[in-house]
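Q: Got chain R sorted already, so can you dock chain V onto it with the hints?
These are the residues of each chain, in order.
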Amino acid sequence: MAYLNNTELLAHLSQSLGEKILNQEDTFGMLCIEVNRNEIVDIISNLKSDENLKMQFLTDLCGIHYPDNKGKELGVVYHLHSLENNIRLRLKTFFSIEDPTCPTLTSVFDAANWMERETFDFYGIQFQGHPDLRRILNMDSMDYHPMRKEYALEDETRTDKSDKFFGR
Amino acid sequence: MSEIEVKSAVPMTPYVGMSNETIDGEIATLNLGPTHPATHGIFQNVMKVDGERIISSEPTIGYIHRAFEKLAERRPFNQITTITDRLNYCSSPINNLGWIMTVEKLIGAEMPKRVDYMRVIIMELARIADHLVCNTVIGVDTGALTGFTYMFQEREKIYEMYEEVCGARLTTNIGRIGGFERDFSPAFITKLKAWLKEFPAKFDEFDRLLTRNRIFMDRVIKAGPITAEKALGYGFTGPNLRAAGVDFDVRVMNPYCSYQDFEFDIPVGQDGDTYDRFIVRQEEIRQSLRIIHQALDNMPAGNYFADVPDFYLPPKAEVYSSMEALIYHFKIVMGETPIPAGEVYHSVEGANGELGFYLVSDGGRTPYRLHFRRPCFIYYQAYPEMVVGSMLSDAILTMSSMNVIAGELDA
Numbered sequence: 001m002a003y004l005n006n007t008e009l010l011a012h013l014s015q016s017l018g019e020k021i022l023n024q025e026d027t028f029g030m031l032c033i034e035v036n037r038n039e040i041v042d043i044i045s046n047l048k049s050d051e052n053l054k055m056q057f058l059t060d061l062c063g064i065h066y067p068d069n070k071g072k073e074l075g076v077v078y079h080l081h082s083l084e085n086n087i088r089l090r091l092k093t094f095f096s097i098e099d100p101t102c103p104t105l106t107s108v109f110d111a112a113n114w115m116e117r118e119t120f121d122f123y124g125i126q127f128q129g130h131p132d133l134r135r136i137l138n139m140d141s142m143d144y145h146p147m148r149k150e151y152a153l154e155d156e157t158r159t160d161k162s163d164k165f166f167g168r
Numbered sequence: 001m002s003e004i005e006v007k008s009a010v011p012m013t014p015y016v017g018m019s020n021e022t023i024d025g026e027i028a029t030l031n032l033g034p035t036h037p038a039t040h041g042i043f044q045n046v047m048k049v050d051g052e053r054i055i056s057s058e059p060t061i062g063y064i065h066r067a068f069e070k071l072a073e074r075r076p077f078n079q080i081t082t083i084t085d086r087l088n089y090c091s092s093p094i095n096n097l098g099w100i101m102t103v104e105k106l107i108g109a110e111m112p113k114r115v116d117y118m119r120v121i122i123m124e125l126a127r128i129a130d131h132l133v134c135n136t137v138i139g140v141d142t143g144a145l146t147g148f149t150y151m152f153q154e155r156e157k158i159y160e161m162y163e164e165v166c167g168a169r170l171t172t173n174i175g176r177i178g179g180f181e182r183d184f185s186p187a188f189i190t191k192l193k194a195w196l197k198e199f200p201a202k203f204d205e206f207d208r209l210l211t212r213n214r215i216f217m218d219r220v221i222k223a224g225p226i227t228a229e230k231a232l233g234y235g236f237t238g239p240n241l242r243a244a245g246v247d248f249d250v251r252v253m254n255p256y257c258s259y260q261d262f263e264f265d266i267p268v269g270q271d272g273d274t275y276d277r278f279i280v281r282q283e284e285i286r287q288s289l290r291i292i293h294q295a296l297d298n299m300p301a302g303n304y305f306a307d308v309p310d311f312y313l314p315p316k317a318e319v320y321s322s323m324e325a326l327i328y329h330f331k332i333v334m335g336e337t338p339i340p341a342g343e344v345y346h347s348v349e350g351a352n353g354e355l356g357f358y359l360v361s362d363g364g365r366t367p368y369r370l371h372f373r374r375p376c377f378i379y380y381q382a383y384p385e386m387v388v389g390s391m392l393s394d395a396i397l398t399m400s401s402m403n404v405i406a407g408e409l410d411a
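So the protein sequences, as listed, match chains R and V. Residues in the first sequence are numbered consecutively from 1, following my numbering. Residues in the second sequence are numbered consecutively from 1, following my numbering.
Next comes chain R alone, as it looks inside the complex (with noise of 0.2 Å):
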């Protein structure tokens, strides 16, 4: 049996999506694209639904924090997987921390439940619509996401623990 390929892949994106397609790339094997959130779910519903593409696999959802891109520091990151046609694709939509929400996957996914508690648990975004969003690893008195870049691992103001000789 034929599989798709990464160039028939985004052939077919191209063609469907068109200009919503904001950024495209290819890394390790694996095509990327950006959209838009608002589209984010109208999207992957279509490629779920598409008879050629079958995205009918939600592997993967996560948050990302960018402190230094202004304007889009927070993204959410999906994993999509055609298990007939044995093709990975990665979306991913970037917004302002300032408005941190993002429409629900969970009327596509059912396993977008859990994922999207998660990254409101660690980095704040609010699914809209999400049937039951509360922190789910971290303790519900718990006021602030501990994944965002702000919140350093280590106490700053510690100097026996320097890094400055090493460069990086």
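Do not take every clue at face value.
[Claimed, not checked] Derived pair list, reagent style DSS-like, types lysine-lysine, alpha-carbon separation capped at 27 Å:
| id | chain 1 | residue 1 | chain 2 | residue 2 |
| --- | --- | --- | --- | --- |
| 1 | V | Lys105 | V | Lys70 |
| 2 | V | Lys157 | V | Lys230 |
| 3 | R | Lys54 | R | Lys92 |
| 4 | V | Lys202 | V | Lys113 |
| 5 | R | Lys54 | R | Lys149 |
| 6 | V | Lys157 | V | Lys105 |
| 7 | V | Lys191 | V | Lys202 |
| 8 | R | Lys54 | V | Lys230 |
| 9 | R | Lys149 | R | Lys72 |
| 10 | R | Lys48 | R | Lys20 |
| 11 | R | Lys72 | V | Lys193 |
| 12 | R | Lys92 | V | Lys222 |
| 13 | R | Lys92 | R | Lys149 |
| 14 | V | Lys197 | V | Lys157 |
| 15 | V | Lys191 | V | Lys48 |
| 16 | V | Lys113 | V | Lys230 |
| 17 | R | Lys48 | V | Lys113 |
| 18 | V | Lys316 | V | Lys157 |
| 19 | V | Lys191 | V | Lys157 |
| 20 | R | Lys92 | V | Lys316 |
| 21 | R | Lys70 | R | Lys149 |
| 22 | V | Lys48 | V | Lys193 |
| 23 | R | Lys70 | V | Lys70 |
| 24 | R | Lys92 | V | Lys230 |
| 25 | V | Lys316 | R | Lys149 |
| 26 | V | Lys48 | R | Lys149 |
If you're looking for bench data, these hints aren't it; they were derived computationally from the structure. Source: prediction; values computed, not measured.
A: Relative to chain R, chain V alone:
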């Protein structure tokens, strides 16, 4: 007797052979866990039960959350291997090698065939150890302790083999970026060959105890079923997905570590119930044995490490005598090796599903972002839907047959 209204977070699945009528309309709240001997780990489920029938179940997770993803943002790449040990601690070597292969993909290191074959042997041993734990525990939860005690002796032998390779048993930290720390010792090969000879007979004995045992079959058939469609929606992978009838295995679909060289079958179930999950794992143990035999028989000659001096520690003797080796040694230990920037997703077939590593590197000494795709975190959310409407004792069986590992669940 009246119909009661069933409220749960997810729609209820009709349970075969069960009446929807209440006994006396009295509903009790039951805390199953967090520390309960029947849950084999720290899992809490707040259940509403009517007699012994479960009306709703609300899992709480995170009791042993250790912030691995945050920790990883502070650690050099080779120090993250020890974190991965503690994800699925029933099959640590698969996690270790999965992570190491992710880094190798990022730096573009090609492994010699020998390294691949050595890794395949270790990973398949780990898969057998993990499946043995899961399947024997299904036996324990049905009241059959015998198989557990016998098969744990075999698992112990696998742990002794780990010890021969890496010195550790549980938190193995096996392998290095660029190969293995050392070659397989003759003692390991002897132990492996002896075990390969003895194990099948003992395993068959265990198989005869349970697989066609009428009492066991009556107990587990139709316990905690899930359809293929639901399983895909919930992100099931590994034996649980295959038990539901979907033949997806990362080893076949996206071969890594030379898995394409080996001949093995992928067992697929039909009903996605506890019995099918049990049978699929039993058969996978046999297939893993096949793979180990092939890898051992066709073990290529060559080095047990690749030529990546930037990442693979030089021999200690050279560090003391050669300037170049000393520099490499220093750079690796201090985490000063340049790492390319980029994003890589690599997945391996873990013992309980697709174990993925999403690594974002900005060229710094540590990952910018590392996300573990932990299979049981994703499929455990289907648990309420699978047990609602069934008996409490089936809920225990469903959990053990799903192979939910607390360390992986909570990361």
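Q: Compare the structure with each hint and give your call.
A: Evaluation of the provided hints:
For the given pair, Lys105 (chain V) sits about 22 Å from Lys70 (chain V) by alpha-carbon distance, which is consistent with the 27 Å threshold. Our distance criterion of 27 Å between C-alpha atoms is broken by Lys157 (chain V) and Lys230 (chain V), whose separation comes to about 38 Å. Taking the CA atoms of Lys54 (chain R) and Lys92 (chain R), the gap is about 19 Å. The hint holds against a cut of 27 Å. Distance restraint check for Lys202 (chain V) and Lys113 (chain V): the Cα-Cα separation of roughly 32 Å exceeds the 27 Å cut-off, and the hinted pair is therefore not satisfied.
The suggested pairing of Lys54 (chain R) with Lys149 (chain R) is violated, with an alpha-carbon distance near 36 Å, which exceeds 27 Å. Taken as a hint, the Lys157 (chain V) and Lys105 (chain V) pair is broken in the structure, with Cα atoms around 32 Å apart against an allowance of 27 Å. Between Lys191 (chain V) and Lys202 (chain V) the alpha-carbon distance is near 16 Å, which keeps this suggested pair within the 27 Å criterion. About 16 Å separates the Cα atoms of Lys54 (chain R) and Lys230 (chain V), which keeps this hinted pair within 27 Å; it holds.
Between Lys149 (chain R) and Lys72 (chain R) the CA atoms are separated by roughly 14 Å; this keeps the pair inside 27 Å, and the hint holds. Taking the CA atoms of Lys48 (chain R) and Lys20 (chain R), the gap is about 17 Å. The hint holds against a cut of 27 Å. A hinted pair counts as satisfied when its Cα atoms are at most 27 Å apart, and Lys72 (chain R) with Lys193 (chain V) does not qualify at roughly 57 Å. A distance of roughly 40 Å separates the Cα atoms of Lys92 (chain R) and Lys222 (chain V); the hinted pair therefore is violated under the 27 Å criterion.
For the hint pairing Lys92 (chain R) with Lys149 (chain R), the CA-to-CA distance comes to about 19 Å; that is within 27 Å, so the pair holds. A hinted pair counts as satisfied when its Cα atoms are at most 27 Å apart, and Lys197 (chain V) with Lys157 (chain V) qualifies at roughly 13 Å. A threshold of 27 Å between alpha carbons decides the hint, and for Lys191 (chain V) with Lys48 (chain V) the separation of about 50 Å lies outside it, so the pair is violated. For a cut-off of 27 Å, the pair hint linking Lys113 (chain V) to Lys230 (chain V) is broken: about 39 Å separates their Cα positions.
Restraint check for Lys48 (chain R) and Lys113 (chain V): the C-alpha separation of about 38 Å exceeds 27 Å, so the hint is violated. Distance restraint check for Lys316 (chain V) and Lys157 (chain V): the Cα-Cα separation of roughly 31 Å exceeds the 27 Å cut-off, and the hinted pair is therefore not satisfied. Taking the CA atoms of Lys191 (chain V) and Lys157 (chain V), the gap is about 8 Å. The hint holds against a cut of 27 Å. Taking the CA atoms of Lys92 (chain R) and Lys316 (chain V), the gap is near 45 Å; set against the 27 Å cutoff, the hint is violated.
A threshold of 27 Å between alpha carbons decides the hint, and for Lys70 (chain R) with Lys149 (chain R) the separation of about 14 Å falls inside it, so the pair holds. A distance of roughly 51 Å separates the Cα atoms of Lys48 (chain V) and Lys193 (chain V); the hinted pair therefore is violated under the 27 Å criterion. A hinted pair counts as satisfied when its Cα atoms are at most 27 Å apart, and Lys70 (chain R) with Lys70 (chain V) qualifies at roughly 22 Å. Between Lys92 (chain R) and Lys230 (chain V) the alpha-carbon distance is near 25 Å, which keeps this suggested pair within the 27 Å criterion.
For the proposed pair Lys316 (chain V) and Lys149 (chain R), the alpha carbon gap of about 38 Å is over 27 Å, so the pair is violated. This hinted pair does not check out: Lys48 (chain V) and Lys149 (chain R) have alpha carbons roughly 40 Å apart, beyond 27 Å.
Taken one by one, the earlier hints fail for this structure at numbers 2, 4, 5, 6, 11, 12, 15, 16, 17, 18, 20, 22, 25 and 26, listed in ascending order.
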